[in-house]
Amino acid sequence: MAELLNVIMPNVVERSGQFWQAFGETLQMVGIVGVLAVLIGIPFGVLLFATKPDGILKSRPIHFVLNKICDIFRSIPFILLAVILMMLSRLIVGTAIGVKGAIIPLTVATVPFLGRQIEGALSEVPSGLLEAAQAMGCSPWEIIWRVYLKEAIPGIARGVTITLISLINFTAIAGAVGAGGLGNFAISYGHSRGLADIMWTVLLIIIVMVSVVQAVGNLVVRKTTH
Amino acid sequence: MIKLEQVSKTFGSESAGVHAVRDVSLHIAPGEIFGIIGYSGAGKSTLVRCINLLEEPTAGKVTVDGQVLTDRPVAGPGELQRAFRMPPAQLRQARKKIGMIFQQFNLMPSRTVAGNVAFPLRGSGLSGEAVTAKVKELLELVGLPDKAEAYPAQLSGGQKQRVAIARALASEPKVLLCDEATSALDPQTTQSILRLIKDINRKTGITVVIITHEMAVVKEICHRVAVMEAGCVVEEGSVYDVFSNPRQPVTRSFIATTSNLGKIRELIDAGDPMVELESGQIIARLNYGRGNVGEATISQISRKFDVDVSILYSNVEILSSQPLGGLVARLSGDRVSEAVNYLSERNVVVEVLKRG
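Residue numbers (the working numbering), protein chains in the order written: chain P, 1 to 226; chain Z, 1001 to 1356.
Note that these hints are calculated values from the structure, not bench results.
Just so it is clear, the structure is predicted and the values come from calculations on it, not from any experiment.
A couple of the hints might just be wrong.
Computed footprint of chain P on chain Z; a stretch qualifies when at least three of its residues, placed anywhere within it, have a C-beta under 8 Å from a C-beta of chain P [stated by the list, open to error]:
(1) 1092-1104
(2) 1321-1334
Over 12 Å on every C-beta distance to chain P, these chain Z residues come out as not near it, computed from the model [unchecked claim]:
(3) Ala1170
(4) Ser1171
(5) Glu1235
(6) Glu1338
(7) Asn1341
All residues carry an ideal CB built from backbone N, CA and C; glycine is no exception.
Isolated chain Z, as found in the complex:
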């Protein structure tokens, strides 16, 4: 549905400018919920704007639903750059099929909720009654049937985002771009907005691209995820694969934010008595992957190697209908290293955090 090929965006001059997006290639399949995660400044907001050309890529090709929006191949030495950009009128038509919602909602304050939802329907050829019916239907879909005559200033953040979703869906787009759509909301409201997006995706098969800096958002609804750092996509894959087997430090740091397993490092750094070790003891983090969460590996190493395992933290969750998790434990006994090897053989990733 969305194909980005070697997309780059540089603000300012090529040499001295800011390279917000560097050589990003992504394929997003129809009906998919695709997450793009990164810290602020990683270039994710610029990247998502390259999909509807709110930002025009300085290089690369953008194809949405089979239509090429822009194509600027990086010219080799001595090669003429043959750039293509969709003409403005055609681009506006294409944009009507790419809905977008924003962190700050961007509702028109002078229009009522119904007026906002009807905004993109002007010039669509629908009659007045058809527009009213469509607005009613959309407000029911987002759960705000009684707010049609309210003004945005009278709504809560979550309600505003629901109106924004209804507005984005009014022109029946095939793609919904969400730019930090839940970042201004509290955790409960975030959950309800994500559930709504998930629902709409299931009902209509709309392709969703979610930009976020919260791993919890990705975990909650995305099928696949790309991790961005300094303008590049450094890691991409199914949410389960990326979570269970992160390859890049930035990915690990994101994952650490969603589980309490990261807290142990703080305790170790602070020299907390809870993590003081005697000689021969270790503190290790055991990360479970696909399939082995259910195995009784802890009991097994206790029995086989006569190792005492004291669990400090543990965290197991269900991701994409598969369990994923890990625990932090203090292992003591003479045969600790054998136990660690045994665990590694069973596909448990063992990371020794501290040795006594």
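So here's chain P without its partners, still in its complex pose:
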């Protein structure tokens, strides 16, 4: 096995220490930012949805602000956002580089993305259910919790899946501007030094990561759709 690997990816084997570190960094970034994005992005999306002009907690100012945040951060290309937010990173976490430095830019990019997905998922819940819940005397928060979030679980799972996949993509870009991880590894060795086996290995691993996320997402959707 080791010999075989040595033959098909000699440069990866040679730098296996750096490779495993890069892989670990990517997993860390996806894991930490993924959890943060879910914790912040879902409430963000719920508020974005509920404060709409015809929503159950309608509030023009809150919706306006959230909506603008969403539009602005989603329109900035991530590579620029990462560079801009590095300064902010230095202020908050003390460094602009490495996994630590990447967490803020990645979170800022991911939360509005997931927020929109959640908003979309909640909009799919038939309005008749809202009416039925109101007629049963539910409060707005009960309706959000027991009707919208509960009924939108498959849609939310789809949204989280898409978000995690684009987060994997973002971490590779973040790697190019100093965050480390597989993206950085592939660019500094695979691209800059022309070591093709490193590029292919990283690609393969990212494809597998995305496939696993997608498969888990599909499973959750299937299990929660009745």
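Following the hints, position chain Z against chain P.
Leaving out everything else, chain Z in the frame of chain P:
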């Protein structure tokens, strides 16, 4: 039980908006099954939503079970409008006593039948076992004891509406609002759902308000009916009175949909040979009211006025335990007009459709 006083609902601005409900006043007594019938767009769905404030009336007073939910008097010139609206928390409590079912059932697809029926019981203070027992009892009441663990997607339309009824009854409401509850169902299922509602009304004394565009529904279970057109209640009364003596064209057109007596007009308009007349003949519709269905008026006019009566259509039914109906007949003879007068004197409403 339900008192609507001068209720109006306007969507959009007062001047340019849509007046969905205009100045409607209705009293619905406890234990009554009250029908509100109208074509789509007549404002009946908006009106029923004004009862539980899913739609907030722009003017008028809504009282349910002695509690004023909203009161917005129409302000006169120079008069301050003193509006009252029940505070949200109190309104939610009041809504728990007003059950509602819908045309599209509106069951929660991610919850089982039992989960749906238990939905309104959260926060009711019942223990887990008490909720389970209550759900079981409700599912038995609606005839679905074996479907507790099924999901709504696995049920037929009629079964879904039964679950919706069980859910609506879970918080033991005093009023059940039915918004086109049978309009998505086939005629047989409609019958069975109406029978169920009738049964529940008899057993529990719950007040039922039924919104429909099908006269057959009103005929089947309502005690009283209001007819709506363009946001107004144009006619109201006991189902028998409204059926036997409709005053408004819209009411007549609804009644025509439930009997085949209306078909004769199509035949006349189409110039069908069946309705061709010779000179002196007429085609008339005879509408019978309370009490005179049993009389042998046709035989009587034949004998007294030497008139030949050939019956083209007839339709007699039992409504609120009283017979009601009519027939369409071709009358021929020299003394037809005397026969018509005679019938009119006997409380038979005669409408001459065609003269030869």
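Legend entry - Hints not upheld, ascending by number: 2, 3, 4
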